[in-house]
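Student: Each chain, letter by letter, is given below.
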Amino acid sequence: MRKRSLLSTAAAYPHIVWMVLFIVAPLLFVLYYAFTDPSGAFTLENVTALGSHKTTFVLSIALSVIATFLCFIIGYPLAWIISRADPGRQRIYMMLIMLPMWTNLLIRTYSMMAIMDDGGFLNGILAALHLGKVHLIGTKGAVLFGMVYDFLPYMVLPIYTVMNKIDPRLTEAASDLGAGGWRVLTKVTMPLSMSGVVSGITMVFVPSISTFYISQKLGGGSFELIGDTIERQFQNETTYNVGAMISLVMMVLILISLAVMNKFSDESEEILP
Amino acid sequence: MEKIIELKNISKSFDGEAVLKHIDLYIGNSEFITLLGPSGCGKTTTLRIIGGFEKPDEGDVIFEGTRINDVPAHKRSVNTVFQKYALFPHLNVFENIAFALRLQKCPKEEIRRRVKEMLSLVALEGFERKNVTLLSGGQQQRVAIARALISHPKILLLDEPLGALDLKLRKDMQNELKNIQKQTGITFIYVTHDQEEALSMSDTVVVMADGEIQQIGTPIDIYNEPVNAFVADFIGESNIVDGVMPADRTVRFSGHTFECLDGGFAANEAVDVVIRPEDIDVVSPDQSPLTGTVTGVTFKGVHYEIIVDVGGFKWMIQSTDFVEEGARIGLKIGPDDIHVMKKSRYSGLYGDYSSFSDELDELSDADKVEE
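Chains as they are written, first to last, in this note's numbering: chain R, 56 to 328; chain V, 46 to 416.
Note that these hints are calculated values from the structure, not bench results. Note that CB positions come from ideal geometry on N, CA and C, so glycine has one too. Careful, some of the hints might be misleading.
Unchecked claim - One-sided excerpt, in silico: chain V residues whose CB lies under 8 Å from chain R:
| # | residue |
| --- | --- |
| 1 | Phe133 |
| 2 | Phe144 |
| 3 | Ser196 |
Unchecked claim - Chain R stretches covered by chain V per the calculated footprint, using a threshold of three residues with CB under 8 Å from any CB of chain V:
| # | segment |
| --- | --- |
| 4 | 226-237 |
| 5 | 241-249 |
Start from the sequences, fold in the hints, and give me the full structure.
Tutor: Here is the structure:
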């Protein structure tokens, strides 16, 4: 027994070393930089510097909340419809949902630029139809579109997985007791798929709030999200410390939202069989 | 008896495989009817068609004189107790039972009163706030029954509701279900593969096999007057031997001629002869023309199960008297112990105990539960 426990301890070492080097140490660095100035002296100035980024914070949170909401509004019915299709079709639909993820995010974003650009594909079609032009690139709508397009699979996947596991007899029992299609959905399917919704929301919200690439390309530089701000701070040696402080605040924000979400999913998991 | 539901010439197939073949059946009001048959016989599909979960490919479902083929499940006055209860895991006992009334937007006071009534009907007072997933199988069963009965359906469908319970609990629940049915006067349509359950609870038993109805009758009729070898074998134990009817009231089998009570066959018509194991008396070899050698004796509690080789055909006898293995005995059969049936496509498939084994029986029973 002893030999085996030695072996398992040894086997855990690479993982521990990895975690310390690439997770714990960087976190400590962030913490260190956040409370020091470029010379390395302790300071709280970075906290005050946050004030000038307030609007960016608010915009980022607003956009990611809207993007998450849109993903839910689109993703939930989609997952529901897929889960009710026959098994062969389900595989095809899921494949179609996953397919965009096989392409790199950068390439997808560039393609979206090409489509939405003032002289791009979409406007080309509109022009050919003599319908005038729409200005898309550089608007918040374009950024939202990018977020929803990129992160939708993260919403559909967990909801679909949970829905697929709901015993079909439960929905049958509900209709047997007098519930029509809509009320079967609201009274049985929805409450039983809450845990999927919670993980879907988490998986969309976290990348949305920290995204920087989508906003840079589709936002056309007309506004900045918090991810862009952090990136910019770290490109300049003198603002390293402010960047670290913003990152720290972001981490805390995400941790809080995760904790709130987990509380929800714990509650819904308790009642699942 | 007033008909509440009628199935007319119902056929149904899944993926090209016929599951129901021209089923004709009517069910009377306040009747306790059981659909009995082995797995794959179509009994559950019949139930699902009545419940509105499947549409028949052919034929009509008539409910109180109206065709309801296209009426969806939620608009039928038919409720179901599902095989594994299918209680809503996100709702407590009270809310599970109240589900149908909440949908009907009943006043709160009425809901509380009727749920309380139901809880006392199924002997679960005080369980209102309990989480259904933490209840025992028997308790979940009761919640499922209460949930299905609270909206006063005209028909209650029960799909092998006792299959997951242990033997003792099953017996208690059988009695309770029967009592609930009598108290409420609701028509119960019960599906099971357990012949004993069917016989002890039902007013009418419908024996099904291969998507067809084999026989409809009271439990006593079904047991005493099975129409063919399948029914005789499926309901209880049966020795089924080939015979001929030289004339009315006379039947010849196993090389001897016996007096019997049956008639109405053509002269010298080939028939199946059923003799129940408990109807055979063990006598000394000189007292009966039919003699054999005992090849196996099993103690069953109330009686011994004796396998006897009579000229190569193995008979089963159930007797309270012990006989030695290897002994030669006589088999005494009276005229009213003999039941003669027409030949059917099930002839020759059942009723010979030469490969008999209790163990095999139980094994095949176990996979019958899952249909």
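Student: Hint by hint, say whether it matches the structure.
Tutor: Status of each hint after checking the structure:
The beta carbon of phenylalanine 133(V) is positioned within 8 Å of a beta carbon in chain R (closest approach about 6 Å), and the interface hint is therefore held. Interface hint status for phenylalanine 144(V): upheld, as the beta-carbon distance to the closest one in chain R is roughly 5 Å, under 8 Å. Given hint, serine 196(V) at the interface with chain R, holds; its Cβ is 7 Å from that chain's nearest Cβ, closer than 8 Å. With 9 residues having a Cβ less than 8 Å from any Cβ of chain V, the segment 226-237 of chain R passes the three-residue criterion, so the hint holds.
With 4 residues having a Cβ less than 8 Å from any Cβ of chain V, the segment 241-249 of chain R passes the three-residue criterion, so the hint holds.
Comparing the model with each numbered hint stated earlier shows that all of them hold.
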